[in-house]
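Engineer: Below, each chain spelled out in residue letters.
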Amino acid sequence: MYSVSSAFTSQAALKLAPWKRKFTIGSSDYSAFVLGWPTIERDWDDCAPASVTINATNAGRTFNFFLNDGATLHTSCSLQLGFDYVGAAMFDSAFFDSSFFDMATGTSSTEYITLLTGTVDAARFKDEKCAITLVDKFKQLADRVIGDSTTPTNYTSSNYLVHNLAWYVCTSHAGLSALTSTNNPDIDYASFSSWTSVFSADNVRMNAQFTGQKASEILKKIALLTQSAIWIENNKIKFMRFSLTDSAQTTLDSTTTIDGTQVMDERMLVNKVYVGAGYNVTSKSYGITVSNIDSASVVRYGLKERQINEDRVWYVDSVSALNLAQRTVNTGRDLLPQLTTVSPLQAIHVTIGDTIALSDEHLQLSDNYRVMGERINMDKGTKEFTFDQTQYSSAFRLDYSALDSSDTLG
Amino acid sequence: MSYVLTDGTSVVSMNPEWDFKLTDKKIETVHRTRSGAGYRYIWGSFKGVKFKVEFVNSSDMCIVNSWWGASTALRLFDHSSVVVVSGYLSGNAPPISGYVKPYDNQFDGVIELESY
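Residue numbers (the working numbering), protein chains in the order written: chain A, 1 to 410; chain B, 411 to 526.
Among the clues, some could well be false.
Said to hold, decoys possible - Computed list of lysine-lysine pairs in DSS-like fashion (alpha-carbon distance at most 27 Å, straight line):
1. A/Lys284 x A/Lys220
2. B/Lys436 x A/Lys380
3. A/Lys22 x B/Lys436
4. A/Lys129 x B/Lys431
5. B/Lys462 x A/Lys380
6. B/Lys436 x A/Lys20
7. A/Lys15 x B/Lys457
8. B/Lys435 x A/Lys380
9. A/Lys15 x B/Lys431
10. A/Lys129 x B/Lys457
11. B/Lys457 x A/Lys20
12. B/Lys457 x B/Lys431
13. A/Lys22 x B/Lys435
14. B/Lys435 x A/Lys20
15. A/Lys15 x B/Lys436
16. A/Lys139 x A/Lys22
17. A/Lys22 x B/Lys457
18. B/Lys436 x A/Lys129
Source of the hints: derived by calculation from the structure; they are not laboratory data.
Isolated chain B (complex conformation) (with noise of 0.2 Å):
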């Protein structure tokens, strides 16, 4: 899989491992009547996506690192060039921080995106 992650001006291409995963969370209130019926009220919602990711170079780990330190809009293409989401970074440490064992080059992390 090849997904590419973009604040509009650099990119980062992303390779994910299989534990990806899309989250779509609706902020709702449901009210069942003394009959029964159900009343469903949807106020919002927000998607997410959660992957791992390895081998990713060191300059690209500093893009990723510096979106999550300033909180930077992003926007997660698929290999159709499809927006995934559209969001920031969460998480309060930097996502990818990781070394891949045995190199001292290449980095490993867990890329978190929440839509905005």
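Here chain A stands alone, though its shape is the one from the complex (with noise of 0.2 Å):
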């Protein structure tokens, strides 16, 4: 969840929020020239760059300084929404908050989200009109690759715990912050140590041999491999593995959503999982296959399998497949509804991770849902949230199996 005050939730709420959008370069503002605003999608675990495209009028020859010199490309951007706490005719008694106005002195502040802060990949110019696309910080991940087909980078010499793995490819490979708290700038460090701690307990230990794959694609190997949220937010990058109980962060109903999905998706069932570890760079084949299986599930919807290998990264011994394997039937061996819903900005400050108490009468919806994907279209003012409980340990799943041992009720 990003960090707002409550000024700002309360004003975000309102059916008249005064919104406002900021477009920067550098430390200059160039809102006044967009003509058209994005639309900024992340899902938890894509680990791609996320680029967006802004169309501003070149008319006063305003960006004619990327032409004259391609560095300026480099200049960190940022898209931002929020308001600004101008005099006290923008407060209402409600959601009034001295720290953001000052009665006495008549100070005001602002408060915004920076939605993506990036680079400038491309800036293309036609007749008055010149289109700005931003990448986010996934970009650096994607521009460098480790090892090469001769000389491959081995992670083979000893067993690595799944953080240190990830942690090296961050830093090592792909060039970002390795300061150990949470001054990086780069990772978020309080997520990172808290997924840290995931596998520490679990002990789960794997191997890696990389032949000029990008830092992104073996980071997005590593969210597959361990079911884990690697996403980007605040512009740093933030480890998950969602596994606790959340309390809803908000509610979303009728009166707040605009339009609403809701999908019953056999696909995504898996109740038995085979995962392959102890893989054998030379013979290209893997000395462990590591099986579970959800018969609860098998019942009730028939066999369901999977197999994961992954010949890049791969887990050193069984017990470190078993935990993914484990997670994965349990995952996936209930068949759950995917949800999307559409609002305006009001839960603006919620966010991948967060939980949602999602209700609706017509689709008989009352429950806790957990945010996996998100899309802000900044020139209409709406946001898209993407939900499921697949990774929501407090979905309600009737294991009939665990009561009588016989997978019949009775």
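Join the two chains into one complex using the hints; note that each chain is given alone, in its own frame.
Structural biologist: Here it is, written out as structure tokens:
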């Protein structure tokens, strides 16, 4: 969740919220030149650079500085949404917060959520217009490869904890900051620390061999092999494996949603998983295959099998591989709805990993769901959430095989 | 009606015809939720004014048309010296370009100003 004040959330919930949008290049505000604002998309396990294109007027040759010096493309840019708390007229007593407006002195403040920070990937000029494409921090991971086909980079000399491997990929190879504190400008170290504790506790270990893969591609494989969420929030890469029961941060219902969909997709079902481990890079074969099955789900839905083999990053032993096999079955054994909602901006501060209480009379929904993806349309002022309960441990599932050990209630 | 158009240096007095029209356009998005609640986000707005002028002398015509050519920032004052619109002369042709029949030293045209 984005860290915002109570004044911000109160303001955001208003039907006439006085939103402001900002586009900055370096420290300069270019919002007044924007003709069309972009839609910012991100999902929980993509690990791919998010790019957006801003259409701006160049009638006054404002953006010609990109043409004069290509290095200016590397200037940090940001897209923001928020409020200027200017003057008492902006305030209603219901959401007045003295930290943002001092009635005695008349000072004012601003509060914005930074939705995307990045650099310019491309600036395209046509007539009096300029289309500026921004790309986020994952770009740096996509720009760098690890090893090459004749001299691979090997992580096979010892058995590496998952988080250590991810740390080497991000820092040693992709060049992100290796600062092991919350002051790390590139990695959300608080979330990374929590993430490490999951694999330390379970002693989940990996080997790897990189032969020219992009750092972002390797991070994506680690996300898939550990069912981890790796995304960018506040310009820092955030790591999380959803395992806690979270209370809902906000509620969405028919008064706060414009549109919504619900899908029951049987292709999401997985109740028996095989995970390859102990990969031999010479013989190109797996020494171990671990499987896990949920018998109750097989009885209910039929056998839904999946094999997970990765030959650039792999588990070293059966205990580590079983960790993934069990989690994949636990999150895939039940057919759960996948939901999307489109809302105005009242829940703009809620983001990937957060929990929302969702209710819909027609679809007979009234439960908590985890946000797995988001699409913020800065032009229209809407936010689309993608939800499900696969990664939400409080979702109620009746495991009747555990009740009487016969897969039959009686 | 007597109005004044100025760039802060030169001043041109004008007598708009009765087609004088002020505009004010909001840039907003309106969202109607499934229960009918309305969310209205106003991202910005811009003002404008459009009116016909007649019997403009050649000196004033040249000044106004040069403002149009250079996209000079202008202010239009009303008879109470209140700024009606601050903006640029819009359109893709010089605003004052026709003769007032039968005079060869009096001109007419349409002043269209949009705020910046």
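Engineer: Of the numbered hints stated previously, which ones are contradicted by the structure, given in increasing order?
Structural biologist: 4, 5 and 9
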